Structures are given as C-alpha cells and as structure tokens.
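*Asks:* Sequence:
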Amino acid sequence: MKLELVDEAATLALGAALALGAALAPHVSSGMVVYLEGDLGSGKTTLVRGWLRALGETGPVRSPTYTLVEPYVLAGVNFYHIDLYRINQPEEVLDAGLDECFSGEAICLVEWPDRGKTFVPKPDLRIRLALCGLARQAVIEATSERGTQWLITCKLLAANS
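Counting in the numbering used here, the sequence shown runs from 118 upward without gaps.
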C-alpha cells in the first residue's frame with residue numbers, strides 16, 4: 118500500500134490511524150514489531166509521535182537516537198520506540214539489552230532496523246517513508262498474518278483497495 122503524505126499533519130494522521138490497531142485489537146497487536154525505514158528527516162519519529170498521541174501520550178515524543186529506546190505505557194499497552202541509527206555492530210543490540218524489548222507483549226516501533234540485523238525480530242509491519250519534494254510517501258507492507266490483521270483493524274487495507 119502506498120500513501121502520499123502532503124505534510125506533517127498527514128504523517129501524524131497516518132500514525133494515529135495505525136494506533137487504532139492497538140486500541141481496537143490488543144490481541145492482534147500484542148508483541149508486534151514494526152519497522153520504520155527511511156532516510157534522516159523522512160518522518161519516522163513524526164509517525165511515531167502521531168501514533169502515541171492518538172493513544173493519549175501528552176509528553177514529548179523524541180527520537181531515541183541517543184537513548185536507543187524510549188518506553189511508553191498507553192491504553193494498557195507497552196510501547197518501545199527504538200532507534201538503532203547509532204548501532205555500529207548488530208551485537209550491540211544485545212549489549213544494550215534491547216533484545217528484552219522484543220521478548221514480551223510490547224509493540225516495538227524500530228527505526229533503522231537493518232543495523233540490528235539478526236538480533237531484531239522480523240517485522241509484522243514494514244513502513245518505508247521517503248521524501249518527495251515537500252511531501253512524503255509512505256509504503257506500508259504487512260509481512261505477517263498479524264500485520265495483515267492489524268491493517269484490516271485500522272481499516273487501512275479497506276480504504277486503499
């Protein structure tokens with residue numbers, strides 16, 4: 118599925134639409150892994166901000182570039198916003214204890230997942246963001262049955278078919 122995001126508000130709205138999966142179908146979202154891919158400035162953290170705001174987060178939602186992970190508990194669900202941009206060797210995922218983020222019921226939103234290679238689980242959803250002039254483009258791919266069910270719950274597949 119390909120979406121045109123004309124401005125920041127559209128990127129925030131996409132994040133909010135994806136948040137519906139957690140709110141409406143916690144049995145589907147439990148343990149989800151979402152890859153957020155794209156160049157610097159493509160809107161990965163903005164999308165996460167929209168997602169978390171839709172679930173009630175009122176505090177700052179920053180990129181965890183330096184902290185590696187920012188935890189949130191919203192609507193009874195644990196979220197981990199993970200940024201692997203500063204990981205130089207995939208083994209650093211283990212050294213930093215990030216593997217624990219993937220071992221439970223949490224939803225993990227992972228920026229720069231390719232840097233973690235085999236230490237980051239396969240995604241249920243892959244979201245690729247790209248700059249297109251002043252706008253952005255999002256390509257969303259369900260890579261598991263759970264990811265497909267998530268998009269159906271969010272009504273994103275029905276709206277784009």
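Certain hints may be false.
[Claimed, not checked] Here are the simulated DSSO-like pairs of lysine-lysine, each with C-alpha atoms no more than 30 Å apart in a straight line: (1) Lys119 to Lys272; (2) Lys239 to Lys119; (3) Lys272 to Lys239; (4) Lys234 to Lys119.
Honestly, the hints are just simulated from the structure, not real lab data. Predicted model, so just to flag it, every value in this text is computed and none were measured.
*Asks:* Look at each hint and say if it fits the structure.
*Replies:* Status of each hint after checking the structure:
{"no.": "1", "hint": "Lys119 to Lys272", "verdict": "holds, 14 Å"}
{"no.": "2", "hint": "Lys239 to Lys119", "verdict": "holds, 21 Å"}
{"no.": "3", "hint": "Lys272 to Lys239", "verdict": "holds, 23 Å"}
{"no.": "4", "hint": "Lys234 to Lys119", "verdict": "holds, 25 Å"}
Every hint from the earlier list agrees with this structure, and none is contradicted.
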